[in-house]
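Enquirer: Chain by chain, the residues run as shown.
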Amino acid sequence: MRGSTVDLPLTLGLFRRMLVEEFRLHTSLFGRRRFVTLPVFVALVVMGGAWLLGLTGTAMGTVVAGVHLLVFFFGLQVGTAGLIGRDAMRDLLGGTTLLVFSARTLPVSRRRLLGVFLLKDVAYYFVFFLSPIVAGFVPLVLVGELPAGELGLLWLTVTATFALGAATSLTLAGVATRSRLILLGVLAGVLAALVLLPGELVALTPYGTYLDPSPVGVIAGFVPLLGLLVAGPLAFQPATGGGGARRVGRDRFDQLSSLGDGTTVRPLLEVARSSGSVWKVVFSLGLLFFVAALLLERVLVVTGIEPSLGIAFGTLLALGTFTTYNWVTQLDDPREYLRYPVAMDRVFAGKRRAFFALSLPTGLAYLAVAALWFPRAELLLGVVVFPLVSVYVYGVTAYLTGLSADELLFDTSLFALYGFALVVVAVPLLVAALAYHAAPRQAVAVALGLSVLAAVVGVLLSRRVGARWEEKLRAGE
Amino acid sequence: MAAIETTGLTKRYGDLLALSGLELSVERGELYGLLGPNGSGKTTTIEILTGQRTPTAGEVSVLGFDPVERPLSVREAVGILPEREDPPSFLTPREYLRFVGDVREIDDIQSRIAEWADRLEFAGVLDTLASDLSEGERQRVMLAQVFIDEPELVFIDEPLVNLDPLMQAEVKALLSEYCSAGNTLFLSTHFMEVAEALCTRVGIIADGSLVLERDPRTFDGDELLETFASEVDGR
Chain A
1 MRGSTVDLPL
11 TLGLFRRMLV
21 EEFRLHTSLF
31 GRRRFVTLPV
41 FVALVVMGGA
51 WLLGLTGTAM
61 GTVVAGVHLL
71 VFFFGLQVGT
81 AGLIGRDAMR
91 DLLGGTTLLV
101 FSARTLPVSR
111 RRLLGVFLLK
121 DVAYYFVFFL
131 SPIVAGFVPL
141 VLVGELPAGE
151 LGLLWLTVTA
161 TFALGAATSL
171 TLAGVATRSR
181 LILLGVLAGV
191 LAALVLLPGE
201 LVALTPYGTY
211 LDPSPVGVIA
221 GFVPLLGLLV
231 AGPLAFQPAT
241 GGGGARRVGR
251 DRFDQLSSLG
261 DGTTVRPLLE
271 VARSSGSVWK
281 VVFSLGLLFF
291 VAALLLERVL
301 VVTGIEPSLG
311 IAFGTLLALG
321 TFTTYNWVTQ
331 LDDPREYLRY
341 PVAMDRVFAG
351 KRRAFFALSL
361 PTGLAYLAVA
371 ALWFPRAELL
381 LGVVVFPLVS
391 VYVYGVTAYL
401 TGLSADELLF
411 DTSLFALYGF
421 ALVVVAVPLL
431 VAALAYHAAP
441 RQAVAVALGL
451 SVLAAVVGVL
461 LSRRVGARWE
471 EKLRAGE
Chain B
1 MAAIETTGLT
11 KRYGDLLALS
21 GLELSVERGE
31 LYGLLGPNGS
41 GKTTTIEILT
51 GQRTPTAGEV
61 SVLGFDPVER
71 PLSVREAVGI
81 LPEREDPPSF
91 LTPREYLRFV
101 GDVREIDDIQ
111 SRIAEWADRL
121 EFAGVLDTLA
131 SDLSEGERQR
141 VMLAQVFIDE
151 PELVFIDEPL
161 VNLDPLMQAE
171 VKALLSEYCS
181 AGNTLFLSTH
191 FMEVAEALCT
201 RVGIIADGSL
211 VLERDPRTFD
221 GDELLETFAS
231 EVDGR
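So the sequences go chain by chain: A and B.
Using our numbering, you'd call the opening residue of the first sequence number 1 and step up by one each time.
Using our numbering, you'd call the opening residue of the second sequence number 1 and step up by one each time.
If you are wondering where the hints come from, they were derived from the structure by calculation, not from laboratory data.
As the structure is a computational prediction, the values presented were derived from the model and not from experiment.
Treat the hints with care, since some could be wrong.
Unchecked claim - Here are the simulated lysine to any residue pairs, SDA-like style, with alpha carbons at most 25 Å apart:
(1) K472(A) x A57(B)
(2) K472(A) x S20(B)
(3) K472(A) x D220(B)
(4) K472(A) x P82(B)
(5) K280(A) x T128(B)
(6) K472(A) x D66(B)
(7) K472(A) x T54(B)
(8) K172(B) x T218(B)
(9) K472(A) x E83(B)
(10) K472(A) x T43(B)
Based on the sequences and whatever the hints tell you, model everything.
Expert: Below you can see the structure in the form of structure tokens.
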């Protein structure tokens, strides 16, 4: 098998073909024009975001740190794509198959395919996301907010941070194929380092290189990344088939039936059994909670304004439930449901129940966690705002994306529309949160009124989702 | 009343004409095989007949229902197995069939699952994740979901794909028994031998139109294959 030795022409050939494959996949799904305008849109969003943060007095260093953090988590998410397996990918893409799954038919090892897939993803996202993100900082260089020399460094470290995220998820998944116990040990070690030695841990990332671009900083920031890029594919142990058939308890379906019928139970089982299990829901909302906590603290430090924590946490956590919607629809081929005697209304109702069964307890748990540090009375508003705004997020997401929420990332006009729909609700709520200590009664009234209104809009959209998507799917859109 | 009736059925995808005035009539109790090369319109025909797609023009009736206006009524009465369709990767066959039972509102689904798992010989893997089943086992599960609600009419795209010879014989017997009970079967296939072995009538489709219909048992030797080649190549 050629995968066992270094074979540069083979690797480069695979790399080039995977790039072409990725481009064709996205342009065939979303249309060439909508897809290629995406980098421009991303640059504009970053530009606008950086400008708005500047208005709030947020330091440039905080913005740069935030961009590295978001890009790292984006890389983590992208890195799992090659690992969900050929069969699961077929659930998602129907007859489409990808080169990364061709180890069974080509004399190329799964490890080589995964390694090249990872590099391809880095190159691909470098062009379509990472470079536009950095381009969004150009105006800040022009107005003197960011030194021109740092732009090149930012470009390098943002790209490397994305690679770090993708390589980390690949390595963790690789370790998981060998031993769950070792995986738990690795995760516990990283968590401990994050809590006990956060500065040292950051120095071992490309963001550390951004902070300290000396030769020592470069070595410290890039060596772990290179190690993970090699370790990820090496750690991965492909399933050998034969004797590996996973059996599950026959009553799992019944145990979940109290939450709804098969249209609810199926997405719940799929979330629980796919990569990351239900922990991916906890993790993605936890990330948002963590970022929200940091931002709220910065607002207090920088502006002296004490925002309403309940309104702010409730709003931001609700916005984060978009990821939960993505998980409950992740493995769907929407056309499959057209083959059963079931209205799409009922399919979406099942998705809605699964969405709330996962997101509500998780979001409320984070509000409870927040109560350990912040005044409890203030967080009570979040218990009201969070579920109401989540209803809106569900309605908007289902209405605009149907059962293919991840398409948002590659369709410029849809991305813009979706972003606008969320901003329309989120910005007034966050303004109400900021105004809380100046005018508490009015802020609470506005926040509650807006949340109820948003929930009503969410319910109205939810009612139209089934008919809308049934019509679109039957027309072949 | 015919089980399936189409008049001037046309489907256009942008510039591509997938079906061009298709005229089709299948009687109840028939085992009808639609033969055609890739891209000839077989899949689109099944999708329109089962209410999964709307036609650009033409009329269609399935078991007396219009699948354009009443797709759910049609899907309640029929079973559908598209080509290359697997059970969901992260469900077991038992769970997948429970899901099918829920959306079809079948009361005694547990006993039917046991019955069909025995009949199609996958009882031993009922609680194994679908991603860990062999291709043949997945195909058997998919066949079970087609018949589990005892539909009057079944649409199957390539019924014998991925099955071993013994199982192929079992499935052929199952399909013949199903039709002899007065039900109707609509097959779509590339394979002449499948059509010859199973069907009471075959239709050859090319470029979205039906070009020939005949009882395959009236062909001698490779005559069906030769007829197919001449009808398809001649267009």
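Enquirer: All hints, please: hold or fail.
Expert: Status of each hint after checking the structure:
Taken as a hint, the K472(A) and A57(B) pair is honoured in the structure, with Cα atoms around 17 Å apart against an allowance of 25 Å. For the given pair, K472(A) sits about 22 Å from S20(B) by alpha-carbon distance, which is consistent with the 25 Å threshold. A threshold of 25 Å between alpha carbons decides the hint, and for K472(A) with D220(B) the separation of about 46 Å lies outside it, so the pair is violated. Our distance criterion of 25 Å between C-alpha atoms is met by K472(A) and P82(B), whose separation comes to about 20 Å.
Taken as a hint, the K280(A) and T128(B) pair is honoured in the structure, with Cα atoms around 24 Å apart against an allowance of 25 Å. Between the alpha carbons of K472(A) and D66(B) the distance comes to roughly 19 Å, so the proposed pair stays at or under 25 Å and holds. Only pairs whose Cα atoms come within 25 Å are accepted, and K472(A) paired with T54(B) is accepted, the gap being roughly 10 Å. With a C-alpha separation of about 20 Å, the suggested pairing of K172(B) with T218(B) holds against the 25 Å cut-off.
Taking the CA atoms of K472(A) and E83(B), the gap is about 22 Å. The hint holds against a cut of 25 Å. Simply put, K472(A) and T43(B) have alpha-carbon atoms about 18 Å apart, close enough for the 25 Å limit, and the pair holds.
Against the hints set out earlier in the document, a violation occurs for number 3 only.
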